[in-house]
Amino acid sequence: MKNFDAIFNPKSIAIIGASNTEGKVGYSIMKNLMSFEGRLYPINPKYDEIFGLKCYKSILDVDDEVDLAVIVVPAQAVPKVMEECGEKGVKGAVIISAGFSEVGNCGLEEEVKKIIKKYNIATIGPNCLGIMNTYNNLNATFGKIFPNKGNISIISQSGAVLTAILDISPLLNLGFSKIISIGNKIDVQESDLMEYLMSDETIEVVVLYIEGIKDRGFLNAVKKLSKVKPIIALKSGRTEEGSKAVSSHTGSLAGSDEIYSAAFKEGGILRAETFEELVNLMHIFSTQPLMESNEIGIVTNAGGFGVMATDMCEKYGIKLANFEEKTKEKLRKKLPKTATISNPLDIIGDADTERYKNAISSLMEDKNVNGLLIILTPQEMTKPLEVAEEIVKLKSNKKPIVTSFVGGVSIKGAKSYLRKNGIPSYITPESGVEALSYLYKYSKMKTKEDWDEYLEKVKEEFEEIKNNNKETIEKLFANLNEYTAKKFLELHGIKIPRGYIAKNKEEAIRYAKELDRFVMKIVSPNIMHKSDAGCVVINPDDVGEAFETIINNAKKYFEDNEIEGIIEGVLIEEFVDGLEIIIGGKRDDIFGPVVMTGLGGVFVEVLKDVSFGIYPITKEYAYEMLKSLKSYKILEGVRGRPKRDIESVVDLIVKLGVIMELYDEIKEIDMNPVFVKEDGKGCCVGDALIILKK
Numbered sequence: 001m002k003n004f005d006a007i008f009n010p011k012s013i014a015i016i017g018a019s020n021t022e023g024k025v026g027y028s029i030m031k032n033l034m035s036f037e038g039r040l041y042p043i044n045p046k047y048d049e050i051f052g053l054k055c056y057k058s059i060l061d062v063d064d065e066v067d068l069a070v071i072v073v074p075a076q077a078v079p080k081v082m083e084e085c086g087e088k089g090v091k092g093a094v095i096i097s098a099g100f101s102e103v104g105n106c107g108l109e110e111e112v113k114k115i116i117k118k119y120n121i122a123t124i125g126p127n128c129l130g131i132m133n134t135y136n137n138l139n140a141t142f143g144k145i146f147p148n149k150g151n152i153s154i155i156s157q158s159g160a161v162l163t164a165i166l167d168i169s170p171l172l173n174l175g176f177s178k179i180i181s182i183g184n185k186i187d188v189q190e191s192d193l194m195e196y197l198m199s200d201e202t203i204e205v206v207v208l209y210i211e212g213i214k215d216r217g218f219l220n221a222v223k224k225l226s227k228v229k230p231i232i233a234l235k236s237g238r239t240e241e242g243s244k245a246v247s248s249h250t251g252s253l254a255g256s257d258e259i260y261s262a263a264f265k266e267g268g269i270l271r272a273e274t275f276e277e278l279v280n281l282m283h284i285f286s287t288q289p290l291m292e293s294n295e296i297g298i299v300t301n302a303g304g305f306g307v308m309a310t311d312m313c314e315k316y317g318i319k320l321a322n323f324e325e326k327t328k329e330k331l332r333k334k335l336p337k338t339a340t341i342s343n344p345l346d347i348i349g350d351a352d353t354e355r356y357k358n359a360i361s362s363l364m365e366d367k368n369v370n371g372l373l374i375i376l377t378p379q380e381m382t383k384p385l386e387v388a389e390e391i392v393k394l395k396s397n398k399k400p401i402v403t404s405f406v407g408g409v410s411i412k413g414a415k416s417y418l419r420k421n422g423i424p425s426y427i428t429p430e431s432g433v434e435a436l437s438y439l440y441k442y443s444k445m446k447t448k449e450d451w452d453e454y455l456e457k458v459k460e461e462f463e464e465i466k467n468n469n470k471e472t473i474e475k476l477f478a479n480l481n482e483y484t485a486k487k488f489l490e491l492h493g494i495k496i497p498r499g500y501i502a503k504n505k506e507e508a509i510r511y512a513k514e515l516d517r518f519v520m521k522i523v524s525p526n527i528m529h530k531s532d533a534g535c536v537v538i539n540p541d542d543v544g545e546a547f548e549t550i551i552n553n554a555k556k557y558f559e560d561n562e563i564e565g566i567i568e569g570v571l572i573e574e575f576v577d578g579l580e581i582i583i584g585g586k587r588d589d590i591f592g593p594v595v596m597t598g599l600g601g602v603f604v605e606v607l608k609d610v611s612f613g614i615y616p617i618t619k620e621y622a623y624e625m626l627k628s629l630k631s632y633k634i635l636e637g638v639r640g641r642p643k644r645d646i647e648s649v650v651d652l653i654v655k656l657g658v659i660m661e662l663y664d665e666i667k668e669i670d671m672n673p674v675f676v677k678e679d680g681k682g683c684c685v686g687d688a689l690i691i692l693k694k
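The sequence shown lines up with residues 1 to 694 when you count with full-length UniProt numbering.
Please keep in mind that the hints were generated in silico from the structure rather than gathered at the bench. Bear in mind the structure is a predicted one, so any value in this text is a computation, not a measurement. A hint or two may mislead.
[Stated by the list, open to error] List of simulated lysine-lysine pairs, DSS-like, C-alpha gap at most 27 Å:
1. 2 x 113
2. 513 x 677
3. 149 x 395
4. 315 x 337
5. 608 x 586
6. 693 x 677
7. 357 x 393
8. 88 x 117
9. 328 x 448
10. 398 x 367
11. 412 x 393
12. 319 x 337
13. 667 x 265
14. 398 x 475
15. 495 x 448
16. 24 x 214
17. 214 x 224
18. 444 x 459
19. 330 x 393
20. 367 x 330
21. 46 x 24
22. 446 x 459
23. 149 x 57
24. 412 x 328
25. 328 x 495
With these hints in hand, go ahead and build the complete structure from the sequences.
Printed below as a string of C-alpha cells:
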C-alpha cells in the first residue's frame, strides 16, 4: 500500500509555490493550512516570509524532514520540483498545478510519472483541488469551505463538484472525514484509496464522483470496501457528447455507460442518477441505519400523498408492512375513529403533534416495520416544527426514519431542524421511498456472493476442455468464421444446429438432402453481416441455384467494398426456430470480461433493450440480467405465447462468462440469434462470431 499517512496525517508540509499575494492559488492554500496542527514550510524564491513563516527558496533548503509536498507551480516547473522532493525524501505529494494531459500535454505528465516511480512518492493529482482531513485540521486545498467533522469521505475527479457538496453540507449538517480531489490520477488511483479508507474508523460512507476509470484494480477494491461501507457514486459522461466533454476535462476516456452500470452493480456500488440524488443518498447513509427488510410503514396526514408514496413502493422494490395486532390495538386507542388503521396510516388532516407522536412511536415498536416515512402537509392544527422535534426525539439507530414535509414557507423551519438533527427531509414522498429503498438495496448488496457451485463446476469443466483440446482450439482460432466459431462453442457443450460446409454445388445438394428444413449461408471471415450482403437463403427449391447466388453475391460484396475477401464455401445448416435473443461477450480494458444479453430483432436494434454483466456471473446474477430487460415478460410467455426455456438462457450466459474469462485471446463473441425454445426444450445458437485480439 502507498504511504497515505504521509498525505493525510503528515507532521510537516512544504507548500511549493506558496504566495503572499491574495487571489493566487498559493495564497489560498497557505491561508487554509494555517490551522494545520503540524509544521509548515512555505517554498518560493520570491519571498523571505509568508504568513509570518520563514520562506525557503527550495525544499532542499528545509532543515527538517518533510512528509507532504503541496505543489502549486506552473506545469513546466513540476518535474524539477518533484525531483527535488525525491531527493529530499518526501513521502507524499499533492500536485494542484494544471496543464497536463487534460490539455493534451501528455509528455509532461509522463515525465512527472517517471520521477514519482523513481522516488516512490505517493502522489495525488495533478489538476486537482487538493485534499482535506477534518480530524487534524488539514486543508490542503484552495476551496473556501472547511467542513465539520463527520463520517463521509469523498473521492472526486472534479474539484467543482467537491466545492458544491461542501457548500451544501451545512444545510444538511453533513460531516466529513477525508476529502480527496484526484484530478488526472497520475499515480494514486481510486483502488489505492479504497484500501486505505477501509481501515479508517472515522469513515462510514464513501462517495465517488467519476468521469472515467483507468484503474484495473478498481472493481476488486470496491468489492472489498462495499462489504463493510456503503459506496455511492455519481458517474458523468453518460452520453456521447458528455463523454467528449469528459475527455477534454480530465484527459481520461469515459467508457460505455452500460458497462459502468454493470461494474457498479458487480462492485456493490449504489449509483446516483443525478447530483441531487447523490446528496440525498449521502445524507441518508450518513445519518440512518440500514433496512434489513424491504417492509416500511408510512404515516401521513394527507391521504393523497400516502397514495403517491404507495405507488412508488412497487417501482423501488419496497413493500408496505402488515402491522402487528398489538400495534393496531394501540393505534385504535390513540387515534380518532375516523382514522383507518392500515398502511399507509392516514392520521387525518387535523392531526396534531400528539397524534403524530403516538403513530410514530407505535410503528417504531412494530417488528414488521423496518423503516418509516413520515409525511406532513401544513394544516391549521398541525405544527410542523413541533412534529419535527418529536421525530428527532423518537429517532433510533435500529430503524431508519425519513420525512417528507410537503409545502413551502410554513414548513421551511421544520425541514431545516430535521436535517440539522440527522433526519432526511424531502420535498416529495416519492423521494423518501426511493431513499429508503437504497438502504435496503445496500443491505442486500452486502450479502451478495460472487461464487456459486454451478459457476465453479462450469469453470472446472471448461478448464479441462481447454487443456485437453489445445490443438483443436488452435486450428479453430487460426481460421475463424461462423462454422469454426460454432464448433468452438459446441466443444464447450453449447448447442448448435447440425451443419456442413459445401465447397461446390454438388456437395450443397448432397448435404441439403440430409436435412429436413435448412438454411444456406456464406462462410467467409470477411462478411460479418451475411443477410445484408445477400448471402443467406432459407429452404430454397433449387439448392444448386441458391449456392451460385450466394457465391456471386459474396463476390459482388467484395467488389463493392474493395475487399480481397476469402470464400470458404457455403454452410448448409439445419433450420432452427424459436424466440430470438442475443448473447454476447466483450473484453473491457478496465473491467475485464463483460457479457451482454437482450431480446433479438427490434428489441435490440430499435429499443436497445439490453443488459450487461461483469464476470464472475453466477446463475442468480444471470437471472437478474434477464429480469432487468423490459422485454423479459416475453420470455415468461404473454398473451397465449408459450413460456421459453429461461433456465437454458441463464446457463448460456454463465458459460459465456467463463469462456471469456478462460480465453484471454478472445476480444469479442457474438451469438446472434440464439433461438430459445419452449420451456424445457433448451436453446440453440443460430449464428456466432468470434473476434480475437490482434
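Against the structure, the hints:
1. 2 x 113: holds (15 Å)
2. 513 x 677: holds (25 Å)
3. 149 x 395: holds (21 Å)
4. 315 x 337: violated (32 Å)
5. 608 x 586: holds (17 Å)
6. 693 x 677: violated (33 Å)
7. 357 x 393: holds (10 Å)
8. 88 x 117: holds (15 Å)
9. 328 x 448: violated (35 Å)
10. 398 x 367: The given pair, whose Cα atoms are some 11 Å apart, holds under the 27 Å limit.
11. 412 x 393: holds (19 Å)
12. 319 x 337: holds (26 Å)
13. 667 x 265: Roughly 23 Å between the alpha carbons, so the hint for residue 667 and residue 265 holds.
14. 398 x 475: Cα-Cα ~62 Å, so violated.
15. 495 x 448: Cα-Cα ~30 Å, so violated.
16. 24 x 214: violated (32 Å)
17. 214 x 224: holds (19 Å)
18. 444 x 459: Answer holds: residue 444 to residue 459 is near 26 Å, not above 27 Å.
19. 330 x 393: holds (20 Å)
20. 367 x 330: holds (14 Å)
21. 46 x 24: holds (14 Å)
22. 446 x 459: holds (25 Å)
23. 149 x 57: violated (35 Å)
24. 412 x 328: The hint is violated at about 32 Å.
25. 328 x 495: violated (58 Å)
Checked against the numbered hints listed earlier, the structure breaks hints 4, 6, 9, 14, 15, 16, 23, 24 and 25; every other hint is satisfied.
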